[in-house]
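Chemist: Here is what each chain is made of, one letter per residue.
Protein chains: 2
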Amino acid sequence: MHVHSMHSEIDITTKTHSASEIMKTYLDCIPCFIKQSLEAARMATGDEEIQAEVLREVMKHLQAISFTNSPPELSREVHEIIRKITDSKDPYKKVKDQSNEMAKNEYPYLKKLVKDADDSLLMAIKLSIVGNVIDFGTSNRFNVEDMIDVAVKKEFVDDDYPRFKEVLKQSKSILYLADNTGEIFFDKLLLEEISDGEKKITYVVKANPIINDATIDDAKFAGIDKHAKVIAGDAGQSKSTPGMVLSYASKGFLELLKTSDMIISKGQGNYEALSDIDREVFFLLMVKCPLVANDIGTEMARLVLKVKE
Amino acid sequence: MHVHSMHSEIDITTKTHSASEIMKTYLDCIPCFIKQSLEAARMATGDEEIQAEVLREVMKHLQAISFTNSPPELSREVHEIIRKITDSKDPYKKVKDQSNEMAKNEYPYLKKLVKDADDSLLMAIKLSIVGNVIDFGTSNRFNVEDMIDVAVKKEFVDDDYPRFKEVLKQSKSILYLADNTGEIFFDKLLLEEISDGEKKITYVVKANPIINDATIDDAKFAGIDKHAKVIAGDAGQSKSTPGMVLSYASKGFLELLKTSDMIISKGQGNYEALSDIDREVFFLLMVKCPLVANDIGTEMARLVLKVKE
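Protein sequences appear in the order of chains A and B. Residue numbers for the first sequence follow the working numbering, beginning at 1 and rising by one. Residue numbers for the second sequence follow the working numbering, beginning at 1 and rising by one.
One or more hints might be untrue.
Claimed, not checked - In silico BS3-like pairs for lysine-lysine, Cα to Cα no more than 30 Å straight-line:
no., chain 1, residue 1, chain 2, residue 2
1, B, K93, B, K251
2, B, K35, A, K35
3, A, K94, B, K251
As the list claims (entries may be wrong) - Selected chain B positions facing chain A (Cβ under 10 Å, derived; list incomplete):
no., residue
4, Q51
5, A52
6, L62
7, I194
Quick caveat, the hints were computed from the structure, so don't treat them as lab data. Virtual Cβ for every residue (Gly too), placed ideally from N, Cα, C.
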């Protein structure tokens, strides 16, 4: 066909952001928050009046926000409104349990993929990133099956894998920041590869339900506590953020963040919250948002292992 | 792979709507309006402060809306806010001109497709629907090239085509409701097939700029006035709606709506505004919104010719 895509040729003027601004909340986050609020409200209640009230209150709140906060911080506030108006402590409870059950069922198959791989550590890393597909905190959803296919068959752009191996070998203490339910079974594959009985591994989850993020109960359900010490990084907080925002972190977590030999961080939320900290972090994530893609310098739907210093 | 899509198996409780409620504004329209407002604000200005102010004012307005209005009515209000705050009479001016220029360049190629087709009328109908892809009023964007491919190569589910032909043959007066800029060149193909020098054809555009909807100037640019009388269906109104909402229509248009032998209506906006009227209408549209898909009983991205009585 000689007719080209008309839309792609049409120049919609959009502002691009400087690197220093990146990972603060953008205007693009607003419609995304509102879409997510509606989804969460519908999980919590079938009552359309309450769903409409959630949208109204979230819009009211977003009118007055500061764009210098990070998306996880705003998400914390938005989801507090949703929980309050729907009178639900955990709107995502059902989908979280379903994610855990399904990932648990897939675990033996995934374990075999790791065992049979030429490089088991690399396969475990790739699959732990694939697990990050299970996310209700973003607008763009991907298919886990397709992503496992990508992990197994395709070349992985892993410039930072040698550094990961090198640091892993030298490290006696590892801090592993979890992201979502379901995904934790994919993390388990990686934890089993890196734990050698000598390394002290700490697995960090959220103190309270926030979107579909994993909590201590989830980590125990997945048997993570057999391979790592499980802690809530925001212990003592009454609300959790999707992504470990340092201003809400516990003293214990902050100490570990400083002293651990190696830090592995899962997911976009933790990337948004930690991408500026002053130490080496290995970020493992699936890129599900165009702003994060832009910040990392990659494309949507990419499996990413990125070391940032 | 034996691992199935995890998300597709997860049951997110969503409310389904009864047919009688359909085509009123839904909660799902809210995030969509906000996303569109940001896009329009960015077309009008590069100033992020003004863009943020647009979002704030649109959210403020949407907090107080009635869900018994149709989406085009609400869209009218939302875009008035955008125009006012950005101090722009027509934020879409640039993309509209680009759409017109590109469609004009493609017109000779499209005309040849019609000429060479076994059934020229059917091909012109299909291509006029393909032209409806050019739309900045919806969140889901499609590729014109792909859609022309669909029109040319694929079987078209056209149960209502025989009725279209039959009514066309008997009709002496035809009311043709236009939708978007660019698309009007695709309409021209169909107008050239149905005009025989005897039929009285009226082509209805908007009085004022609204999203990328065609106005009288656009219709003249496309040379539509050589084949039809061009009128603004909402003449006398200071604001237009994307979709000919009857309460804002001119007396002349309402009279034609009653007396014309055949009505051809392009696009989702007109479908949303007219799907309940008490006479036969041939709707030609590309399905770009899941709520419209649900109402019509079809899937997204479908080319639709639907007769409704």
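Chemist: Decide, hint by hint, whether the structure agrees.
Modeler: To see whether the hints hold, each was checked on the structure:
This hinted pair checks out: K93(B) and K251(B) have alpha carbons roughly 28 Å apart, not beyond 30 Å. With a CA separation close to 10 Å, the supplied pair K35(B) and K35(A) stays within the 30 Å bound. For a cut-off of 30 Å, the pair hint linking K94(A) to K251(B) is broken: about 54 Å separates their Cα positions. Annotation: Q51(B) was flagged as interfacial toward chain A, and the flag holds, the nearest CB pair being 6 Å apart, inside 10 Å.
Proximity of A52(B) to chain A holds as hinted, the smallest CB-CB distance being about 6 Å (cut-off 10 Å). For L62(B), the interface hint holds, since its Cβ comes within 10 Å of a Cβ in chain A; the closest pair sits about 6 Å apart. The criterion of a C-beta within 10 Å of any C-beta in chain A is not met by I194(B), whose closest approach is roughly 23 Å, and the hint is violated.
When each numbered hint is compared with the structure, violations occur for hints 3, 7.
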